[in-house]
Amino acid sequence: MGTLIKIAWRNVRRHKRRTFLSALVIAVGLAMFILMNSIMTGWDRANIDNLIELSTSSIRISTKEYADDVESLPLKYGLQNVQELTTFLQQQEYVAGITPRTQFLGQLSNWEETIPVIGQVVNAKTDPTVFALMNYFEGNYFSDEGENEIILGKGLAEEMGVQLGDYITLYALTKYESRNADEFHIVGLLNTTDPNINLNTIMITYETADGFLDLEGLVTELYVSVERRVNYNLFVKDVQQLQSKLQSRFPELQIDSFLKIASGFLKLTEQKKAFGMIFMLIILAIAAVGIFNSVLMSVYERIREIGVLRAQGMKRGEIVTLFLWEGGFIGILGSILGLIIGCGANIYFVLVGIPLDQFSGFETSGIPFLGRMHGEWNIGAIIFVFLFGIIVAIAASYLPSRMASKLEVTKAIRYV
Amino acid sequence: MPLLELINVKKNYMKGETVIPALRGVDLLIEKGDFLSIVGPSGSGKSTLLNIIGCIDTPTEGSVLYDGTDLSDLNDKEKTNYRKENISFIFQSFNLIPVLTARENVELPLIIEKKFNKDEIHDKVTRIIEIVGLGDMADRFPRELSGGQEQRVAIARALVKNPLVVLADEPTANLDSGMSEDIISIMQKMNEEIHTTFIFSTHDPLVQKHAERVIILRDGLIASDERKNNGHAD
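Residue numbers (the working numbering), protein chains in the order written: chain A, 100 to 515; chain B, 11 to 244.
Because the hints were derived from the structure by calculation, they are not lab data.
Keep in mind that the hints are not guaranteed to be accurate.
Listed below are the simulated SDA-like cross-link pairs for lysine to any residue, each with C-alpha atoms no more than 25 Å apart in a straight line [to be verified]:
#1 K42/B with T28/B
#2 K20/B with K134/B
#3 K87/B with N172/B
#4 K128/B with R109/A
#5 K105/A with P108/B
#6 K414/A with K199/B
#7 K199/B with G188/B
#8 K105/A with N91/B
#9 K125/B with K510/A
#10 K253/A with L172/A
#11 K414/A with S156/B
#12 K510/A with K42/B
#13 K128/B with S156/B
#14 K105/A with K20/B
#15 K414/A with I138/A
#16 K224/A with D313/A
#17 K105/A with K219/B
#18 K105/A with S234/B
#19 K414/A with P215/B
#20 K359/A with F378/A
#21 K336/A with T102/A
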C-alpha cells in the first residue's frame, strides 16, 4: 500500500498545474458551501435570537391548566409560586433575566372602530432583562409614576389613526370576568419586525393592570432568558438543562423552551438548510466532473505505466486503489484549500458581518432583524464538507480507475 | 520436462471484420536456462509469441503449458499470480515508472510480490543494482538517466525477483552498440550464474550473435529453430 500511495502522491505532485486546477474546483465548491452555510446559519441565528428576544424568551413557565387553555389567555390560572421560582432561577447558571407577564384579550377603540388585541401586562423593571423591545421603541417606556400608560404596536397605532401622546380606549374582561374599559395614554410605539407585535399587541404595566383587570398581582407566565452563546448548540444545551432542572424541581408546572414554542419556525429553518445542502451537492457535482476529467487524463497519460504494473503482477484492484489514492490526494488538497479560503473569508463575516441595514429598502423588506448580520461557525458542517470533498474526489476517480484496471496489458504496454 | 511447452499455438487478431493471423500454429519447447532469441521481420508474430508466453495475451487456439499446467485454464487472478511469481519483462522503451527512483523501480516487483520484508528487499535490490553497475545512481529518477542506464534499471527490475523466465522485447533497440553489449553481457551473466531463462524478441544481430538458440519466425510460423553448440556463438 505504501508504494501505491507513494506513486499516487508523486504523480499528483508531478502534474502540479492539473492537480492545482482540479483541487481548485473542489476548493471553490467547499469555500462557497462554508460561506453559504455560515451566512444561512447566521441568518437563522439572527432570526432565532430575534424570536427569543421579542416573543418567546428562552423558557416560558406557566401552570399546566393555563398551557392547556392558552389560546383564550385565561386570567384564572396564575402561578402561585412566582417568588420561589424567581429565587430558584436566580441561583441557576446562565440565567440572564426573569420577568413575569400576564396576557389577556382586549379590544382597542378610537370611538370609530374597534380592533381586537392581545394585551401584555409587563413588569416595567424586569421586562427589559428578558425582552429586547427597548431597541424597537419610538417614544418613551413606562414611567415610574405614570398611570394608565399604554404602549402600542406601531402598525396597530397607524390602523387606529393614533399617535404618541394620544389617548385610546381599551376594553377587556377582568380577572372576575366583568367587562371594563378605560382610557390610556400612549407613551410608546413598538416598531419591531414581528408583525404580531406591530399589529396586535398592546402593553400595560402590572400597576395599571391591578386596577384595570383586578389582577391582584396575578402572573400567568414567567419568562426566563438564558445567556446567549456564540455556539447555538451550546446555547440550546444550556436552555434544555435549565428546563429539565426546572421541570424536576417544579413538576406541577408547564415548562416550555423556545424550541417548543417556536417549533414551526424552527422546522422551516431546518428545511431551508436542506435546500442549502442541495446547492452544495450541485457545486460538488461540478467539482466531481473536474476530478473525473483529471484522473481520466492521468489514466490516459499513464496507460503504458499501467500495462507495466499489470505485467509485473499488480492486481486490477491495486491499479484501482492507485488511482483512487490520486483522486483522494486531489480531494484532500482541494478540501484543505477550500477550508483555508472558506474559513478565511468567513472570519470576516463572523467578526465584521454584513451591514444589511445599509442596503436601501432594508427596513421595508421584511427582514426580521436590524443592524449587521454575522456569519456563524458551524464546525460540524465544516468537518462534513471537508470529508465530503474528499469522498467526492475519490468517487469521481472510481470510474477512470476501473477503466485503467481493465486495460488489456498487451495494448497498454504498446500504447503510444 | 521442459519449462514451457507451446502446442499448436494460434493467435488471430480482428481488424474490423478481417481476421489477421499473427501466429498460425507454433510448437515450441523451452528448457530452463535457455538463452533464446526469436527473430523475424516485423509482423512475423515475435511480440505476440512473447506476450502469450508471458501470459499477458491468450492464444486463439492451442495450449501453453508451464511446468505441465495449461496457462489457458487460468483465470485472470491466477494469470496475474503466474506473472508475479515466474515472469519478468524487459521492454524496448524501458517503461520505468517515472515518479520512482531507480532503486524504487527495482523494488517494485518485490513489493508487488509481497513475499519479503523491508530489509530483504533492500538487500536484494542493493545487490542487483550493483550487478547492473548502477550503484551510484540508485537514487536518480529515470529522467536523470541515459537510455543505457534506464535499460540497466529495467534489467535489474526484471531480475530482482529471480524469475524463472525473462521476456525481453527488443531490449537493445533504443541503445547504441556499446550499451547493447553491456546489457547483453549482464543478462548472459545472470543466465550463466542463476540459470534464468531469457527469451528475446529482437532484430538486433548482436543479440542474435550472443543467443544460444535462435528461432526464426516467419508469417506466424517457426521457420527455423537453431541451437548453437556453445552458449556464445561467434
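Consistency of the hints with the structure:
no.: 1; hint: K42/B with T28/B; verdict: 38 Å, violated
no.: 2; hint: K20/B with K134/B; verdict: 38 Å, violated
no.: 3; hint: K87/B with N172/B; verdict: 21 Å, holds
no.: 4; hint: K128/B with R109/A; verdict: 21 Å, holds
no.: 5; hint: K105/A with P108/B; verdict: 12 Å, holds
no.: 6; hint: K414/A with K199/B; verdict: 31 Å, violated
no.: 7; hint: K199/B with G188/B; verdict: 17 Å, holds
no.: 8; hint: K105/A with N91/B; verdict: 23 Å, holds
no.: 9; hint: K125/B with K510/A; verdict: 29 Å, violated
no.: 10; hint: K253/A with L172/A; verdict: 23 Å, holds
no.: 11; hint: K414/A with S156/B; verdict: 30 Å, violated
no.: 12; hint: K510/A with K42/B; verdict: 28 Å, violated
no.: 13; hint: K128/B with S156/B; verdict: 28 Å, violated
no.: 14; hint: K105/A with K20/B; verdict: 41 Å, violated
no.: 15; hint: K414/A with I138/A; verdict: 48 Å, violated
no.: 16; hint: K224/A with D313/A; verdict: 21 Å, holds
no.: 17; hint: K105/A with K219/B; verdict: 41 Å, violated
no.: 18; hint: K105/A with S234/B; verdict: 47 Å, violated
no.: 19; hint: K414/A with P215/B; verdict: 36 Å, violated
no.: 20; hint: K359/A with F378/A; verdict: 29 Å, violated
no.: 21; hint: K336/A with T102/A; verdict: 48 Å, violated
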